[in-house]
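Residue numbers (the working numbering), protein chains in the order written: chain X, 1 to 206; chain B, 1 to 206.
Among the clues, some could well be false.
Okay, derived cross-link-like pairs now, PhoX-like style, lysine-lysine, Cα gap no bigger than 25 Å in a straight line [unchecked claim]:
#, chain 1, residue 1, chain 2, residue 2
1, B, Lys53, X, Lys53
2, X, Lys53, X, Lys43
3, B, Lys43, B, Lys53
4, B, Lys204, X, Lys204
Quick caveat, the hints were computed from the structure, so don't treat them as lab data.
Number of protein chains: 2
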Amino acid sequence: MPQAAGRTEAAERILEAAKHLFAREGYGSVSIRDIAEAAGVSKANIFHHFASKEELYLETLRRSCEAARALLEAFREEHPCPAHQLRSFFRDDLRQASDDTDGSLLLIAEGFNAGPQRARALVEEVFGADFRRFTQVLAAGQSSEGPWRTDIDPAVVATLMIAANTFFISHREVLRQLPGVDFADDPERYADHVVDILLDGIRKEA
Amino acid sequence: MPQAAGRTEAAERILEAAKHLFAREGYGSVSIRDIAEAAGVSKANIFHHFASKEELYLETLRRSCEAARALLEAFREEHPCPAHQLRSFFRDDLRQASDDTDGSLLLIAEGFNAGPQRARALVEEVFGADFRRFTQVLAAGQSSEGPWRTDIDPAVVATLMIAANTFFISHREVLRQLPGVDFADDPERYADHVVDILLDGIRKEA
DNA sequence: ACACCAACCGATCGAACGGTCAGTGATCGT
DNA sequence: ACGATCACTGACCGTTCGATCGGTTGGTGT
Chain X
1 MPQAAGRTEA
11 AERILEAAKH
21 LFAREGYGSV
31 SIRDIAEAAG
41 VSKANIFHHF
51 ASKEELYLET
61 LRRSCEAARA
71 LLEAFREEHP
81 CPAHQLRSFF
91 RDDLRQASDD
101 TDGSLLLIAE
111 GFNAGPQRAR
121 ALVEEVFGAD
131 FRRFTQVLAA
141 GQSSEGPWRT
151 DIDPAVVATL
161 MIAANTFFIS
171 HREVLRQLPG
181 VDFADDPERY
191 ADHVVDILLD
201 GIRKEA
Chain B
1 MPQAAGRTEA
11 AERILEAAKH
21 LFAREGYGSV
31 SIRDIAEAAG
41 VSKANIFHHF
51 ASKEELYLET
61 LRRSCEAARA
71 LLEAFREEHP
81 CPAHQLRSFF
91 RDDLRQASDD
101 TDGSLLLIAE
111 GFNAGPQRAR
121 ALVEEVFGAD
131 FRRFTQVLAA
141 GQSSEGPWRT
151 DIDPAVVATL
161 MIAANTFFIS
171 HREVLRQLPG
181 VDFADDPERY
191 ADHVVDILLD
201 GIRKEA
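Construct the complete structure from the given sequences, taking the supplied hints into account.
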């Protein structure tokens, strides 16, 4: 095991291949041989750079966490109107996830029925920050002179937005097959529709 | 391979154990030995009842599809008011998924980044019926004298509801860890909150 | 009584698994 | 010029994988 940072080009290829395969096939269905072949390196070389299959997997996870945080950080922009902020936040959220589909799939799969410890780690690393981002703008919109109802739990709205994002990324192909869905490949339109509904609901205003 | 229907008690235990393990660990991470041990039968007996690991997996899938359809069918109840219908449908949806968590997880995992063929099959077998159920009641509420806005795409609302359901089932533990979430173990409350938001949105009525 | 067949098991198969190791070639500081 | 270090490999290890095998048991029809 050489130093952690300053990866070789080969090590980088290994990580990239591992990330892709783990995200698409699942940890148990991917063998070191598969990764070696996809990365164009020898099997032994993988163990030269990473202590074990588990460690390699965890490294791809860490990377995806960092990438998600960095991208979200980069997108951050302030806007005085809570509605605009909500829309822009959700757009960013979807864009970030779309820009790193493999990483997002990896994190979603990790959260898929994870145990309490892993779920806690995941929340601390990624989901939590996202969730807080949403709940904060929601709470701001609910403040004394804010434009939003105060009898709505911000946590539910934030959950809905993360659920909408997660489903869009992880069930894209299902979405494509559903009748009447024309937004499966247009994150921005999907995001706008979702926010429109969240803001005003589907009921006619009296 | 004996007849398809009329399973032995042992075969039934095998299916049950396989369903549970596949749902929680994923296909690739579960071995025939694991299933045999969990079901309390010999490894060879599994191959006596099922042609292969793949075939066993597909059988658990088929079962979960049937169960989901049957349960949803059973819940069906009509109500004149579209809003009540939407609420009751979404409640049923969540209840059904909660009543057969393993089966739901299996189907969600199958839809997770499935290829076009598998996604199509899945839509035809389960997601499609659910989706149509939602879009129909939504379209009904949008009809000439319905109480709902006509500038909202029913497909987006239906997608949101399925996403909300899917996330609630598959990321329960993450949900438990998120700050301010007190509905992680109360599907009914979660369902009601979600429907409330979908109906009226979060914006104050002018 | 006997033939038959499904249910079931222990032992075993070749293949694939994660992981190890001795060694090679290139790049260093000295 | 030379030892040290690092990236990297082919051959190999023991284990476990999915799957098969021959064989035993118990019930059923005749």
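Do the alpha carbons of B/Lys204 and X/Lys204 lie within 25 Å of each other, as the hint requires? Holds, because 13 Å separates the two Cα atoms, which is no more than 25 Å.
Need the status of pair X/Lys53, X/Lys43: alpha-carbon distance at most 25 Å? holds (11 Å)
Taking only the CA atoms, is the gap from B/Lys43 to B/Lys53 under or equal to 25 Å? holds (11 Å)
Does B/Lys53 pair with X/Lys53 here, judged by a C-alpha cut-off of 25 Å? holds (24 Å)
Every hint from the earlier list agrees with this structure, and none is contradicted.
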